[in-house]
Amino acid sequence: MLKKVRITTQVVFFLLFLWLFWETRSKGGDELAYPVKIFLDADPLIFILTSLASMRIDGFPYLVIPVILLTLFLGRVFCGWVCPLGTLHNFVGIFNKIKVAYRPVGWYWLKYALLFFLAVAALFSLNLSGIFDPLSLIIRSFAVSIYPALVNTMRSFFGSAGLGGVASEPRLFFRESVLIGAFFFLILSLNLLERRFWCRYLCPLGALLGLLSRYSFLRREISEGCNACGRCEVLCQGGRMKTECLACGDCDDACAKRSIHFLFGRPVEGVEIDLGRRRIVGAVTAGIIVPPVLKLSPVGNPASVDERLIRPPGALEEREFVKRCIKCGECMKVCITNGLQPTFLEGGVVGIWTPILVPRIGYCEYRCTLCGQVCPTGAIRRLNLEEKKRTKIGVAVIDRGKCLPYAYGIPCIVCEEVCPTPKKAIWLEVTELNLRDGKKVILKRPHVDPHLCVGCGICEAKCPILGSPAIYVISTGESRSKERQFLLDS
Amino acid sequence: MKHKEVTRREFIQLTLSSSVAFTLGGLFQAMPMGADEGQRPDLVVARGPSPTRITRAAIDGLGGMKRFISRGDVVVVKPNIGWDRTPEYAANSNPQVVAAIVAMCYEAGAKKVKVFDHTVANPQRCYTQSGIAEAVTAVGGEVSYINEKKFREVKLPGYGIKSWPLYGEIFEVDKIINVPIAKTHGLTKLTLGIKNWMGVMGGWRGRIHQRIDGSLIDLALTIRPTLIVLDAVRILEANGPQGGDLSDVKTLNTVVVGTDQVAVDAYGATLFGLAGGDIGYIRLGHEVGLGTMDLKKLKIKHLQI
Numbered sequence: 151m152l153k154k155v156r157i158t159t160q161v162v163f164f165l166l167f168l169w170l171f172w173e174t175r176s177k178g179g180d181e182l183a184y185p186v187k188i189f190l191d192a193d194p195l196i197f198i199l200t201s202l203a204s205m206r207i208d209g210f211p212y213l214v215i216p217v218i219l220l221t222l223f224l225g226r227v228f229c230g231w232v233c234p235l236g237t238l239h240n241f242v243g244i245f246n247k248i249k250v251a252y253r254p255v256g257w258y259w260l261k262y263a264l265l266f267f268l269a270v271a272a273l274f275s276l277n278l279s280g281i282f283d284p285l286s287l288i289i290r291s292f293a294v295s296i297y298p299a300l301v302n303t304m305r306s307f308f309g310s311a312g313l314g315g316v317a318s319e320p321r322l323f324f325r326e327s328v329l330i331g332a333f334f335f336l337i338l339s340l341n342l343l344e345r346r347f348w349c350r351y352l353c354p355l356g357a358l359l360g361l362l363s364r365y366s367f368l369r370r371e372i373s374e375g376c377n378a379c380g381r382c383e384v385l386c387q388g389g390r391m392k393t394e395c396l397a398c399g400d401c402d403d404a405c406a407k408r409s410i411h412f413l414f415g416r417p418v419e420g421v422e423i424d425l426g427r428r429r430i431v432g433a434v435t436a437g438i439i440v441p442p443v444l445k446l447s448p449v450g451n452p453a454s455v456d457e458r459l460i461r462p463p464g465a466l467e468e469r470e471f472v473k474r475c476i477k478c479g480e481c482m483k484v485c486i487t488n489g490l491q492p493t494f495l496e497g498g499v500v501g502i503w504t505p506i507l508v509p510r511i512g513y514c515e516y517r518c519t520l521c522g523q524v525c526p527t528g529a530i531r532r533l534n535l536e537e538k539k540r541t542k543i544g545v546a547v548i549d550r551g552k553c554l555p556y557a558y559g560i561p562c563i564v565c566e567e568v569c570p571t572p573k574k575a576i577w578l579e580v581t582e583l584n585l586r587d588g589k590k591v592i593l594k595r596p597h598v599d600p601h602l603c604v605g606c607g608i609c610e611a612k613c614p615i616l617g618s619p620a621i622y623v624i625s626t627g628e629s630r631s632k633e634r635q636f637l638l639d640s
Numbered sequence: 031m032k033h034k035e036v037t038r039r040e041f042i043q044l045t046l047s048s049s050v051a052f053t054l055g056g057l058f059q060a061m062p063m064g065a066d067e068g069q070r071p072d073l074v075v076a077r078g079p080s081p082t083r084i085t086r087a088a089i090d091g092l093g094g095m096k097r098f099i100s101r102g103d104v105v106v107v108k109p110n111i112g113w114d115r116t117p118e119y120a121a122n123s124n125p126q127v128v129a130a131i132v133a134m135c136y137e138a139g140a141k142k143v144k145v146f147d148h149t150v151a152n153p154q155r156c157y158t159q160s161g162i163a164e165a166v167t168a169v170g171g172e173v174s175y176i177n178e179k180k181f182r183e184v185k186l187p188g189y190g191i192k193s194w195p196l197y198g199e200i201f202e203v204d205k206i207i208n209v210p211i212a213k214t215h216g217l218t219k220l221t222l223g224i225k226n227w228m229g230v231m232g233g234w235r236g237r238i239h240q241r242i243d244g245s246l247i248d249l250a251l252t253i254r255p256t257l258i259v260l261d262a263v264r265i266l267e268a269n270g271p272q273g274g275d276l277s278d279v280k281t282l283n284t285v286v287v288g289t290d291q292v293a294v295d296a297y298g299a300t301l302f303g304l305a306g307g308d309i310g311y312i313r314l315g316h317e318v319g320l321g322t323m324d325l326k327k328l329k330i331k332h333l334q335i
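Protein sequences, first through last, are from chains A and B. The numbering of the first sequence is the working numbering, which starts it at 151 and goes up by one. The numbering of the second sequence is the working numbering, which starts it at 31 and goes up by one.
It cannot be assumed that every hint is accurate.
Mimicking DSS-like on lysine-lysine, the simulated pairs with C-alpha atoms at most 27 Å apart in a straight line are [to be verified]:
1. 280(B) <-> 539(A)
2. 180(B) <-> 177(A)
3. 219(B) <-> 573(A)
4. 192(B) <-> 612(A)
5. 590(A) <-> 192(B)
6. 185(B) <-> 612(A)
7. 552(A) <-> 192(B)
No wet-lab data here; the hints were simulated from the structure.
Generate the whole structure from the sequences, applying the supplied hints.
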């Protein structure tokens, strides 16, 4: 009975999750119709670690508090009943045929060690929570790997039939999609080693909720009818310890003697997990050592930042940005031009999988503010339209060795035509060129006005010189950084 | 077989008599129209505060939509929806003008009216922000986004380009109505009706700027619209074709309607204080016989609504 209710709840939450993911898209309006990021908003791990790392609380955590209260009272119900990644693991686990002689490896300490490492690193202002947070992980994997693969496949099958839905979406391209997808499949395949391997031994959110559930009121009791057949232990999705129980009800369902009961009561001391003092000391030490080492990257030096590290409009100053960004990929999913991509090492190791604008794939639409609307941590600020128009994410640079009118004496004004600022940041100089045969040709040659250019990159996106273009954006002069200005009067 | 057998003789008789009847009928029908032809204007320019009413009046002044659209026709109405701008910025065709045309097509008996454009900026935003998707859907038009798979390579006359992938739907319909907006442009000075055909091009169409006038005339010679409605309700006088500054927008409350692509554009040029001959593609269109830019030789009817 409990199991059936639990499965129904899981399905409902999973469908809600999928629907919100699907709705993380533009329909052409200025605002999204639905609160698509509520799963991330409810995540205590993201909230606590991001607040710790940035020493700032970004809005009141309306949805985190219910999850914490739920866990304090009922234990890891979130893991067993709500978490979409947990549900997916639960599903994949079906394919692991359980053997009678099965015994869990019992590395429960591992996820607590990971949690301690992440928490200490966050105290030293390094926020790696998003890499391992289950919600961030599933959204990122869906956004840049699973969903694009689905869209592109559906398109090639049904695209010409003009069917609606996924098949009518534009083709998507993502860097890092293979790496992120492989990480995701690796984690899913661990279920074949042991069901819910991730949830039991790796998930740092599970660890946090485990700590919170230690004194919860929901108790699992075994009455005297138990004949120690061991069936419940084989089917158990978490562990017999209170901090590991997901309240999934599988044991209750499986018990032939009906001797397992879930009931409320005064918290009692259950079986404790031995985290191991040395392991915890090791995790804490790593949390202290790793942040300063990772921050040795030249990104910290304003002069040596990778000029192609173009952040979405509204992104905080780089150091603050990486403290808050959890690499969830919401902004990449919602970006209407497909331009927001996972960063590889342009921002140093700490910046891996944070969003970067790659204008050759997609530019930043001048009047669009969706990335700031979906960002769950405020790493990308929510901008209004006027703020957005003032926000410079970089500046365009012309490569005269490639630009048609400069290099070859051939007319072209594409960059000027598409430039979206009210007074165009690209202006055309009319020049006369003497060709080798004595003929004269009148040419319009583009120039960039760096005061007007916002670095949106539509010029780069549409430049007819394919490959590395004749006009491209560099992040130098981006308005989020005081240190990276190059104009005297900016 | 229960059908009545038709002998060869009967068949020939039937065929001949019916074709005679059709021809005569056609003559009779054509006669009063022929008498009307002398007064029928080449261009109608309607001015007035309501975009819907001036559009309707202008088309009526040209003989009514029934002159152009037959019962059962599938029609493409091709506005300019190229940019992520709201109507007051005059970067996209006026939504009320477009919707009025779609509604008139249905009133004339069209089976289906399709509206699309290969936008430059993000299509969802362009269709929504321009107000065109909503206005057209409200009057029953079929709005669709460009499907990359529907482009097909089309041979062109070769004044600028010999062949290019063009949007297949434009060749699968009975009638095409071009609904451009009058704006400035960095290379061609103005973008009017003929320039609006860039919106059915696929591929890296930005390349045609290397031989822009010839390429546009190639498209205009190939696509051949039934009717052109130039939207000059608001025109963009600087920073075109995308605009973004309201001080560059001038309200003229005008539409120009005609069947000659060159003539409509030549009249459009006068709205900016230019002559048709000042614009490369209009001049070339005149020279190759696509139409005439000689406005003095045209009968232009002005309406104030």
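task = Measure nothing beyond the straight line between the CA atoms of residue 185(B) and residue 612(A); if it is 27 Å or shorter, mark the hint as holding.
result = holds (24 Å)
message = residue 180(B) and residue 177(A) were given as a pair; does the straight-line alpha-carbon distance stay at or below 27 Å?
response = holds (22 Å)
message = Hinted pair, alpha-carbon criterion (27 Å max): residue 280(B), residue 539(A). Please report holds or violated.
response = holds (23 Å)
query = Taking only the CA atoms, is the gap from residue 552(A) to residue 192(B) under or equal to 27 Å?
reply = Holds, at roughly 25 Å.
key: Straight-line alpha-carbon gap residue 590(A) to residue 192(B), limit 27 Å   = holds (25 Å)
request  = Would you mind confirming whether the straight-line C-alpha gap from residue 192(B) to residue 612(A) stays at or under 27 Å?
outcome  = holds (22 Å)
inquiry  = Tell me if the straight-line CA distance from residue 219(B) to residue 573(A) falls inside 27 Å.
reply    = holds (16 Å)
Against the hints set out earlier in the document, no violation occurs for any number.
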